[in-house]
Each structure stands twice: as C-alpha cells, then as structure tokens.
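The residues making up each chain are set out below.
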Amino acid sequence: MKFQAIIDEQILNFDVEQTACGLDISFNDNNLDADCRPLTSNSFSLILNGKSHYLTITENDNSFEVTVDQHTNLVKVKDETELLLDKFGFSDSDEDHAGEIHAQIPGLVTQIYAEIGSSIEKGQKLFILEAMKMENEISSPVSGVVKNILVEIGLPVEKNDLIMEIEI
Amino acid sequence: MKFQAIIDEQILNFDVEQTACGLDISFNDNNLDADCRPLTSNSFSLILNGKSHYLTITENDNSFEVTVDQHTNLVKVKDETELLLDKFGFSDSDEDHAGEIHAQIPGLVTQIYAEIGSSIEKGQKLFILEAMKMENEISSPVSGVVKNILVEIGLPVEKNDLIMEIEI
Amino acid sequence: MIRKILIANRGEIAVRVIRSCHEIGIETVAIYSEADRTSPHVLKATEAYCVGPAPSSESYLNVEKILEIIQISGADAVHPGYGFLSENAKFADTIAKMGVVWIGPPSDAIITMGDKMAARELAKKVNAPIIPGTTEPISSLDKAIKIADKIGYPVLIKAAGGGGGKGMRIVQSAQEIEDAINRAKSEAGKAFSDDRIYIEKYLEEPHHIEIQVFADNHGNVVSFGERECSVQRRYQKIIEETPSPFIDDKLRKQLNETAINITRECNYIGAGTVEFLVDKHKNLYFLEMNTRLQVEHPITEMVNQIDLVKEQIRVADGKQLSISQNEIHPKGHAIECRLYAEDGFNNFAPSVGNILEMDIPQGLGIRLDDGIRTGQEISPYYDPLLGKLISWGNTRKEAMARMIRALSEFHIVGIETTIPFCKMFIQHPRFQNGDYGTKTLEEIKEELLETLREYSDDLNVAASIGAIQKNLLTDQSSASNFTETKQISNWATSGRKDNLR
Amino acid sequence: MIRKILIANRGEIAVRVIRSCHEIGIETVAIYSEADRTSPHVLKATEAYCVGPAPSSESYLNVEKILEIIQISGADAVHPGYGFLSENAKFADTIAKMGVVWIGPPSDAIITMGDKMAARELAKKVNAPIIPGTTEPISSLDKAIKIADKIGYPVLIKAAGGGGGKGMRIVQSAQEIEDAINRAKSEAGKAFSDDRIYIEKYLEEPHHIEIQVFADNHGNVVSFGERECSVQRRYQKIIEETPSPFIDDKLRKQLNETAINITRECNYIGAGTVEFLVDKHKNLYFLEMNTRLQVEHPITEMVNQIDLVKEQIRVADGKQLSISQNEIHPKGHAIECRLYAEDGFNNFAPSVGNILEMDIPQGLGIRLDDGIRTGQEISPYYDPLLGKLISWGNTRKEAMARMIRALSEFHIVGIETTIPFCKMFIQHPRFQNGDYGTKTLEEIKEELLETLREYSDDLNVAASIGAIQKNLLTDQSSASNFTETKQISNWATSGRKDNLR
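Chains as they are written, first to last, in the numbering used here: chain A, 1 to 168; chain B, 1 to 168; chain C, 1 to 501; chain D, 1 to 501.
Hints in this document: simulated from the structure, not taken from any laboratory. Just so you know, not all the hints are guaranteed correct.
Distance condition first, Cα-Cα at most 27 Å in a straight line; then the derived DSSO-like pairs of lysine-lysine [to be verified]:
{"hint": "1", "chain 1": "D", "residue 1": "K423", "chain 2": "A", "residue 2": "K51"}
{"hint": "2", "chain 1": "B", "residue 1": "K125", "chain 2": "D", "residue 2": "K237"}
{"hint": "3", "chain 1": "C", "residue 1": "K310", "chain 2": "D", "residue 2": "K423"}
{"hint": "4", "chain 1": "C", "residue 1": "K280", "chain 2": "C", "residue 2": "K319"}
Computed far set for chain D versus chain B, every beta-carbon distance over 12 Å [stated by the list, open to error]:
{"hint": "5", "residue": "E87"}
{"hint": "6", "residue": "L122"}
{"hint": "7", "residue": "P137"}
{"hint": "8", "residue": "E288"}
{"hint": "9", "residue": "Q325"}
{"hint": "10", "residue": "N326"}
{"hint": "11", "residue": "P420"}
{"hint": "12", "residue": "I468"}
All values reported here derive from a predicted model rather than from experimental measurement. Don't be surprised by glycine CBs; every beta carbon is placed ideally from N, CA and C.
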C-alpha cells in the first residue's frame, strides 16, 4: 500500500505492507529496517536501522503532530485513495482556511493592531490575547489583507473562536 | 436509585440520585457529604466528609476490586433490578464455582499435593506453580473433597486454566 | 505544636508543602477552586474544601472563604506558598489574630520589604549597595548632568511619563551626556507630553543572583547560599542553578553577609530571599526581598540536603533552626528547569489542554516537584507552571549532563511544555560555559530556533513512519471516510507549526 | 576510551545503567527478548536489537546471539548488570578476548568467589571469620560430639541427605548433644536412607549485612560502607537500609576491613559486595562475595552521593577510582523498598497483567529506579522485580517517614505489587525501632495481616461509593445485561481476596 508523508514541505514516498510480524516498510523503493510498535494510544517505539526512537503522536485536524526525540513536526499522511483523488484533481485544499486566525486558548482580547482592509505581512502582530496571567502576542501566519475582524477589545473569546480572516 | 454494596461480608445500603452537580448519596438513610470524581478510567478522587481519598478500581468478574488509600477490597454492587431479582430468588449464585481452582498466572505445575477423592482443609496446600523464577505454593480457598485434577506434573498451564475442582 | 496545616495555594507548591507536612506527621487541608477539584494537591491532602469558582479572585484570593475553611477544618496553621496571599500582610495579620499560626514572616517585615522605597531605605541603613539613581523625576538639564556625573558612567536615562523604550538612552561617557539628555527630554515630551526623566546607573551584562536566608525567633539568621537566576524572559525565570558559575568566593561572601544584614535589620522570621543584580564588574546591588518561599528553593535544598519547608514549620512553631551557619556547607551543584505549559519555541505561547500521557524521568540525582497528573485538564485560569525538574551532581558538568538526560526522558502528550526549550538552552555553549546573564536568552533565541530547524533526514523518516502507523491504527479503529469535511488550520497549525519547521 | 556499551540485561538495572552512560556521553545498546520489545530499557537505549524468544535461556542467556549483536552494533564494552550472565566467568573471558571491555571483575575473581569452598579458603587466609562447622558429612557419634564441643553452643545439626527441616536440630548445650545427634541421625536415616549429618554454629537472631567494596587496577581498594539487608523472605531481600541500625562503629570498622582484605586477596577489580551474617552477640561471619553490582546499590549511592555505575565504567576504562577511602564519609540515611509484582499479603504470590495506570511519588529525597511503564505487560518470564523506591533523609527517622509518604503516593493499577506490604512493614514498631533480623518478616507476617483486617467503617463506605460510581460509569458506556453469564472465581477472587478481608 502506497503512502505519502508530507513533512517540512518535503514529500516522502513509502510503500507499506502489513505482514504477520508487523509492517514491512519501503522508502524510496529501499526496504527499511523499521519496527514501529504502539506503547499506549499516543506513544510509539520505533526501531529504525537499530536506533531506538520514542515517538509521541496526536491527531491535529488532518495532520499528525509527531514528536521524535523531542523534535515536533506536523506530518500529513495520504493513503492510496487520497493519492488517487489528488491525481484526478479532487484533493481538498487546505489553502481555503489558511487565513483564518482562531484563538488557541480561551482568553481576553486586549489589543488589536489591524483594521479591516489593512495589509499584513507574515509575522506581523495582529492582536494580544490575555490568558494564564500573561499577555500573548499573536502574529500573522500569512501575508495578505484583513478581510474580517470578529472580536472586540475587552471581550472574552473561547478556544477555537474565529478572530480574524486574512485574504491571502 | 437504590444500591447494595457487599464488602467484607457486610451489606451496605445506599440511595443514589444523579443531580446536576454529581451524585447525591445517602447511606443508611443519612445523606453523605460525598463527592466522587473520575481521574482516569481506573482512578477516582473521593472527598467524603472533607477527607480526601484516592481510589483505584478495576472490574474483576462480577465484582470491583477497590483500593482505598492502599487497602484493597472486593466490592459487589447490586442495583435496583438485581435487588429485585434477588427478592424473587433469581440471583445468580457464586457458590457453583467456588471450588474451581484456576491458574492465576501462566507457569509450570511442579508438584501436586492432593489426589482425586482426598479431603482438603481450607488453607491446605494443593500444588506448586513455578512462574517468574519462583515456586508458588497454591493453597485451597475452601474445604471439601477433590473432585477432579486437570493437570499433570511437569506440564505448563496458561492463565485461567482450570487446575482442580473441589466439591464443597 | 502545629498539627494541621491549611495550604492556601494550589499546584506544585501546594503538593510540595503537603509532602513535607506528611513526613513530619502533620495533617494537611487543601483548598481548591471549582476548576481544581481533581488537581494533585486535592488528591494528596488529608482534607480538601472548595473555596470558590475558577477565577483566583473568587477562590485562592477569597480571604473570607479561606478563613471559614480554617474554622471548619480546625487547621491550626496556614502555609501560603508563593504568589496569591503569600505577601499579603493583612491576611498574615488576620490569621495571627485568629490564634492560627502564620507560616511566614511577621506582617511588619512583609510591609517594609513590600514597599520599594522602604526596602531601599532599610538597605541603605546596613550599607547594602543599591542601584544609584534618582528617585524623583527631574526636568532640569544642569541637575541631570550633575547627577549623571555623580552616579558614574554608563548611565541609563528613562522617561518619567511612560515606558516602551521611548526616551530611553544608555550614555557611556560625560561627552555624550548633554546631547543625550536633550534628546531624551525632547522625545519624551513629544511622546508623553512630559519631559521629566529619571537617571540611574546602567548595569552592564547584569546577573540576577539571590540569597536564601532563614531566621528564627531566637535571634539566629543564616544564609544557605546563592542561586543564579539569570535565565529569564520578561523577568520570568526559567532555569536556575547553584552555585552561580559567575561569582567568586569574595563576592559570595559579600552577598551572603549583605543578605543576612538586611534580614536581621527588618526583624525577619522564616524563609526569605534577598535578590541582587550583579554587573559584569562584579558589583552587587540590592534589588528586593521576597518575604516567602521562592519557586526555585529546591536547588538550595539539594546542595544543602535540607528540607526548607520543614524548617519553616519548625520556626513557625517557635523552635530554633535545626542548623547553624557554621554547619552550612553546600555540596555539589544543582540546576532547576521550570516546566511551563508554554511553547518555548514560539514566543512562550501558553498551551492548554488535557495531559493525555506522561513519562517522567527518574533515577539518581533527579527530583521532580510536580503539580500535574495524567488526565488533568490544564486550564487557562492560573500560572502556567506545571512543575520543576531538578538535577543534582557532584560537579556542574554532572548536574548539566544529568538534567539533559532527564529532559530527554521526559514526555508529556497533550500540551506544549518548555521541556525541549530547556534542553536546548542547557546544551548551548553559553550555558555549558557558564557564560550568561539576564539578556542571554533574548540573544540566543534565534540561534536555538535555527538549531531546531536543522532536521536530520532520519528524523523526518522516523516521524513519517510514526504518522503512517498511527494513521493505520486510527483507520482500523474507526472506518475512515475520506470525503468527510475536515476542519483545518487555526493558528496552532498554521502559525505555530510554521515556526517549528 | 569506552564509547558504546552493550547492556546484557533487562528491566530496572538495564535502565539504571543506560542513564549513567548517557550522562557521560556513552551510547548504549539494549538487547531484548521478543516479550520485551516495548520494555523501558529498549525505549531508552540509543540502539536496540532482538536477542531471541521470551525464555531467558533463548535470549538474555543466549551468548552466541549477544556476541553477534556486539559485532553488529560496534559496542566496545559490555555491562552485565546483575543476574543473567553477570557472574559467568566464561562469558567475561570471551568478551575480553574479543577486545571488548568487560565491565566487571576479572574472570579469575569471578571463579574464585563463585566457588563456595574456594571463597571460604580465601577468607580464612585473611583471617575473616567464617561460620564454624563441618564441610564434610559425618556419621560417627563421637566425632560429632567432639566437633560440636569445639564449635561451641548453640550448634545446628543438619541432615546431609536432604532438606525441608527434616533431621534439623538446634542444640543449646553439651548436655543435650548426644541425644540430639542420635535423634537427628535416626530421623535422617528414615527420611533419606542416609544418616550422615553436618554440624555448624547456630547463629542467634542473625542479621544479613553486606559491604560495598570497589577496586581499581591501580591498587586502590575502598569500602563504601554497609547495607542492612535482613528484611528477607526465602532469602529474597525486600527492604534494605544504610547505615544498619544494628551495628556499632567498632563492628562497622571490622566489617569494612574484613571486606577490603577479602577484595584485595582475590585481586578484585570493579564493584563487589561482601556478604556477612552477624549474630545477636555482634559476631560477624563471612558468607560470600557477589562479583557484580548489587540490586540494592542505590542506598549506598544516596549516602555517599556517588554514581557507582559511572565508577564501574571509569575503572573498566583503566582509570583510577574518583574517590579515596579517606574521602568516603556516608551522610544521612537511605532505605530501599523493592517493588515486586507480588502480593505481599498473600504469600508473595506473583502477579502478571497490564500496567493500566501509574501514579509515581516524587519530591525531595525520593528516587525511583524504574523498569516499567504505563501500558506495559508484565510477563511471567522474568524476575518479578519492577523497580526500587529509595528514600534519603538526614536521619533514619526522616528516611522512614519519607518512604512511608512516598509509598502512600504510589498507585499502580493492573497488577499487585509489594507497595502496601512494604509500607506496613516500615510502619511496624520492629522496623521503626531498628529491632529486626532475618527472621522478623516471618515472625510479624500474621500481625501485619491482622492489622490489614482492621478496617474502618469509613474505608468500607468509601470503597462502596467508588464501586457504585464505577458501576454507573460502566453501565453508561456499555448497556449492561444482567442475564449475561459471568465467569467467576479463580483463586484470584476466591482465595486471594478471602485473605484480604
């Protein structure tokens, strides 16, 4: 079964067969000496070419947040069906939502640095969210133009509330 | 809802109402100041009359093995339906199986001290099960007569294998 | 004789205090907000009572309710921990007047040392150096120049009317001073309509160093040595160690003596911490005194092999300290890493969520002061400190290696923590060489991020295999539907993770 | 210079060794049986290789396969831990001949001290007292009486032909000896068709005390002091402490000197343990020498603030010990509780199963040497030792109180452990007063069970509420069917739990 892993803007191609002794994994058509076993729901032990790695994995929307030896990466996995859909142009694009800025934690918006219509550079600060006794500066993940601001200064927001929309 | 807890050969009667703030529990018709919250699947925090208790609970056949502040007890719980069945004589009795001696862990039977037909006192040793590099002496939980021996010396047994039957 | 202590706090410090109490046969009373019903301090205490809704102002700061719980539980002493009501003189007074023992200094000492000006005056009395500078704003150019000359260069000019760096100037020599003051006044005038300025000594490459003091009411005052607390971000300490790799024995002696003098002068009783700034020329300046147990007290305990909470209870009970100054000989080296629910590689953005799993490091020389458990929900209501990991070693090298080993074994699933950041910071040459001050974190932040990006191909392949395995397991447990609409990208996914790449 | 160590072991000791290696920058190679693929030592090592199927004989004792893994991994040293191949002289030799460093004593020392008679002879050479007695069986009455007189009363008469207490007799005085020997011979003759007997000194209320020694190949031999290991069941140690509450400084000096003499005499290198029996009159008798790291080595590490595994590696690397005898001054008190997968209150019946949850004690003065993780399946293939909990305190009282505090915080769900037993044992007056020997556990076992039965009504109500709550949650998550046939009562439910009531 073919899988594509998208990590750090790289595309890695794997071929995985489920055998009696676990998974038989090829990477770039080379067979890997890899043995990956679940420890608990979110932790795995991977022995890859003799090296032992401790992985913790949580699902995050359509990606996996994978921590290997304490380095965290987002990994997207596409299986054969999804790869086929991609091929025929049916892939669901993430881009539609890329400019949506949500609150990662509940808090209080105490400052807004942008207005509707203003141009925003990636990394430019957008607003301050006060939570856990701290002021948290939220910067824009993308460059674009502010399309919508859905909160007001002084109002509390819940986790995942949509705060701004930026047109890329 | 009425519940009966059978613990340490005592029968304790509870009346439990599920309210918005948790359970409202009466014991012997006295309302208890009790607040019991799950921590994980098998651990609970109970605050009973101000005292904080840490409980771990696992299900064990038709009983719960409850550890309170490191004291372990088996507790049987009967709800209203079961109490009703009891009343009409439909209760399923445990006694039928009380003389069945099962292997608690996999191992090797290296000694058998009883024969079919021999009288056994409660606490008398029945056989030796070798496991975890140790010889484990298994004593009889009941008094009675050996009805059946299902293993032979030198043969391995799996967990929960029936080893002996004792007629009480 | 104290028999039952109410701990007016939560989190790791409440657990810390409970442990010492139980070891000396004292019962404990926990208080908890509605959000904390199943937090570790509630589970570990002998008794526990609800003190109100989640917000601190309605729970852990709810004096009336706390007094009520003292009555109900029959507690005969109160330990305030740090933060919350620990430096509230009025609370201390109320407790004492109820006939309940306050495990902390007398309210007079709290008041004096809590007032910046009063503390400065007291320090002057015992000849403790304070940072030279004006305490009143000035607008006269002549006067400003005179003061700057008197303080000695470099000096710092600050606008009286506002902050944010506007109007702030470092002046290296007398030649630059007139021009600098004029520009600062003009900038400040424009920005805040107020051209008055403060002038103070500018400290070069300052270190934040503090001394753990202890006093009983039999006249004994001792020092347990210093803690180097210069690894900071926005004045929030992150890594502490003792002894400080920066100071020498002469300076150490000076710091200890100054701290003891200040402690004695304010009629202190109990555990306290005297904070200093030390510049690169090894000049020390008194900063303030914290009249309570400090977050980072465990490193002092490790090198002195003493339980400071037990000493606090002893002293509050009217007994003498169990140890005298000439018996105090710190041994070895200790380091503490604060575990915050924050992403160290994304501007320390706070993280909330459920702790799904934890794998905690153990073994020789490792101590964890923990305030969390598996299954716990980390809420946004309180300080993000989850606990503290402490290592001890015979040498600084061993303590560092042990800390790195332990941090590498530490896995928390469900929330972001400062564990990976602390590990990289300790591995950095600046920390390894003991060559850091309060500004080092800011200076090497980008470099750490850069190092993080240097991903080996092996790790990418490893991560991919893990994701594929998890994907297969997920598919097996719930038949997946690829046409299902998936909700994507809040700033957790798009913003934060971009930074991690 | 050692760079990569293969650890020919599993469980807590493998994890213990890995930790020290990583702290000094040495890579580690784990070997694992098929049953141990996801055990902690595999997860924590740098590299890991399968060594065979579950049974020890096919995996951890599979020398050929281990040698192969040494080659594949490029390990340049082997640490054997304890048990398995650690006292296998041939293995040690083979390793050394491959040009790989053996982290243990030379094979000659292993051979000598592994042979009971040779060890006895060596001990005699350095005038170490051994338990007086016959080494050959005798059947002549006259000879037996002479020997008994020579040894001095009380003496123990044992049948040469068999065990189980048959034919065994304690004789207190010369008046009783003739009759006793006759009866013993007759009993033994009947039972084993062999009337020959051994006679040896009977030790009254013996203590098992051992000395941690260490030697390098620069001629240095040191002692790190004693460990009191008298809390035993069937010669399996359960709780150890240092210093021993039983011995005085004179005896301590004698034990240390004797141990050092023996170590020197057998040309020892590395960590070793010399075991003694000490009777109630404080006479010491050499028992044997264990030519490897001991399970209970951590208590010695705690009071000496030293890492014995790092010393092993130093010494194996040809370096000198990092410490000399006059620098060794044990400080404070340390206790170790062994955590076995056994039910301490039911004749230590072993327990297997999945570790569903763990809540591990932490904080000042507590150390856990662990070999288990949440989610791990405890299999019946290996020793039931899960790990060791160690407490340190400034005094014995503090170390005991801290251990009780920590044991109270320790929750393992899914298997039975010795945690509750250890807690009650340490709380018992015999342990509290330091008034115990090797027979104490057997003596107070019933009393402990009795105490356990003294249930308060409160605890019964608490347990019932928990069960009802769990019942409700279970019913909610899976609609229960009361007519379902339920399988009941193996000896887990009927036998074991009866005992607990």
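Tested hints:
1. D:K423 to A:K51: The hint is violated at about 40 Å.
2. B:K125 to D:K237: It holds: about 24 Å lies between the C-alpha atoms, which stays within 27 Å.
3. C:K310 to D:K423: Holds, at about 22 Å.
4. C:K280 to C:K319: The hint is violated at about 41 Å.
5. E87: Label holds. Min Cβ-Cβ 16 Å, cutoff 12 Å.
6. L122: Holds, because the least Cβ-Cβ distance between L122 (chain D) and chain B comes to about 29 Å, which exceeds 12 Å.
7. P137: holds (26 Å)
8. E288: It holds; E288 (chain D) is separated from chain B by about 20 Å at its closest Cβ, greater than 12 Å.
9. Q325: Holds, since 37 Å exceeds 12 Å.
10. N326: holds (42 Å)
11. P420: Non-interface label on P420 (chain D) violated, nearest chain B Cβ at 5 Å vs cutoff 12 Å.
12. I468: Nearest chain B Cβ is 5 Å from I468 (chain D), so the label is violated.
The structure does not agree with the numbered hints 1, 4, 11, 12 stated previously, though it agrees with the rest.
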